Amino acid sequence: MKVEEKIALDAMKNDRVSHIQLDQKICAACPERMCIAVCPAHLYSLEETGEMMVEYAGCLECGSCQIACIHKSIDWNYPADGCGVQYRYG
Amino acid sequence: MDKVDAIIVGGGLAGLTAAYHLASAGRQVILLERGDAPGSKNVTGGRLYVEPIREYLPGIIAEAPLERHVVKEIITVLSDDASAQLEYANESWRREPYMSYTVLRATFDGWLAEKAGEKGAFVIPKKKVDALLWEDGRVAGIKAGDEEIGAHIVIAADGALSFLAEKAGLRKPLEPRSYAVGIKEIYHLDAGTIEDRFGLLPGEGAANLFVGAVTRGMFGGGFLYTNRDTLSLGIVVGIDDLSKQKNPIAASQLMEEFSHRPEVQRWIKGGTLKEYAAHVISEAGAGGIPRLYTDGMLVAGDAAGFSLNLGLTVRGMEFAIASGAIAAGVADEALTQGDMSAAFLARYEQKLRESFVLADMETFRHTRNVLENKRLFTVYPQFFSELLAALFAIGPGKKEALYATAKAVARKYILNWEGCKDLLSMRKM
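Taken in order, these protein sequences are the chains called R and G. Following the numbering used here, the numbering of the first sequence begins with 1 at its first residue and continues without gaps. Following the numbering used here, the numbering of the second sequence begins with 91 at its first residue and continues without gaps.
A couple of the hints might just be wrong.
Cβ-Cβ distance ranges computed for the label pairs, FRET-style [to be verified]: (1) R:Ala28 x G:Glu423: 47 to 55 Å; (2) R:Ser45 x G:Gln440: 45 to 53 Å; (3) R:Glu5 x G:Glu423: 46 to 54 Å.
Calculated from the structure, these hints are not laboratory results. Computed from a predicted structure; not experimentally measured. For glycine and all other residues, C-beta sits at the position ideal for the given N, C-alpha and C.
Please model the complete structure; the sequences and the hints are all you need to start from.
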């Protein structure tokens, strides 16, 4: 099963704005791009334009990406009141 | 500014336990939770050891909505294409009082929030705290959106990422080396099927730990717990190791591969995936504990780095409940004395030291260094697997004596200087 299909099973309430902001200048110079492997929802990808993208809507709010990003490109906040993933089992 | 007695940030086990006790003591308590309801942002492996926490949730723990009491521990050592399994069952675990229970956080935390509410705590969901309010250099409340709420004391129970502890200058930014990410899948199966499959009586549960090839040599392992009518299956992997892979494999891919292992399929086969969750876990042990208090504020639970990985047992929830209760006790005393200074709140740390929370964290201070040894996840599982393969194998011609076979495999893997060093390092556990 693909990870997108797994995330689709979760109860999510999407915020209109992203709670994750990337500093594209830092990302462009990043040799490791560790966020791609670390994110358990596999939300990070490198676009053909060379820009790093993050699909904030599927975020599981673990925060692993901002811990892994030692270059401090990721400005990560919790989604707004009542938004984001709502675990029904946890 | 008008002030309530206490504001608690975070509806997890630490925050809810603190709210329960402060409200029981007659204090005016507001607990703010950013999710839809307490528990909705929380994830456990998970299992709760009840003995350590009985005194911190007196009376009510007996009515808690726990899943199954664990009567069977299974350890599975995986190499790439083989596995060995050890099953330990203990008849005394089948009798009350039960030692540990499997648990699901949405249910459990929801229940604890109700109990805190019954005592008079205001548990307010869908409220994200953005910042602390300061007054003359002391914490004096919180900001949530445009709202400001003043409080004589704030308890930061805002989880492993604790932005509040960071904002209060109590901890440094989180380092990859000190954290692991846990990924968990929930599969639905009928209670009867679970009991048949694992050889359990109604209400009984099993725990299965997986080591070796699960994480491709990276720090971590796998777990499986039986709930009433679901299974919790997951992996834990060190964030530093995931970041430094030469040929990166996504964490989600590791989880997917793990769930397809035959050693896992035998348990989850026919189950329906219901939820996919992730959460970070502090692996730093005692070394990862921030400053626990400042003027007007205490830090409890995961926010205070209270989690302990001992390889075969991983604990966090008991520490959260105990530290929440202890924080509430100290906050109540501080309110009575009218003294919320750091000097007075220092007794919080003292009381944690007298309890199992900091005592256990201290006893196992060096365990992390032992568990960080990559050979535990590579060489040893491979050795074990090859040893069994050699002992069981019958090929053409003459078979070597068992001792000679074992010695040859051991020489290849562990009878060397590295193995000797590993043995010495185990003393630190």
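A quick look at each hint next to the structure:
no. : hint                           : in the structure
1   : R:Ala28 x G:Glu423: 47 to 55 Å : 54 Å, holds
2   : R:Ser45 x G:Gln440: 45 to 53 Å : 49 Å, holds
3   : R:Glu5 x G:Glu423: 46 to 54 Å  : 52 Å, holds
Taken one by one, the earlier hints all hold for this structure without exception.
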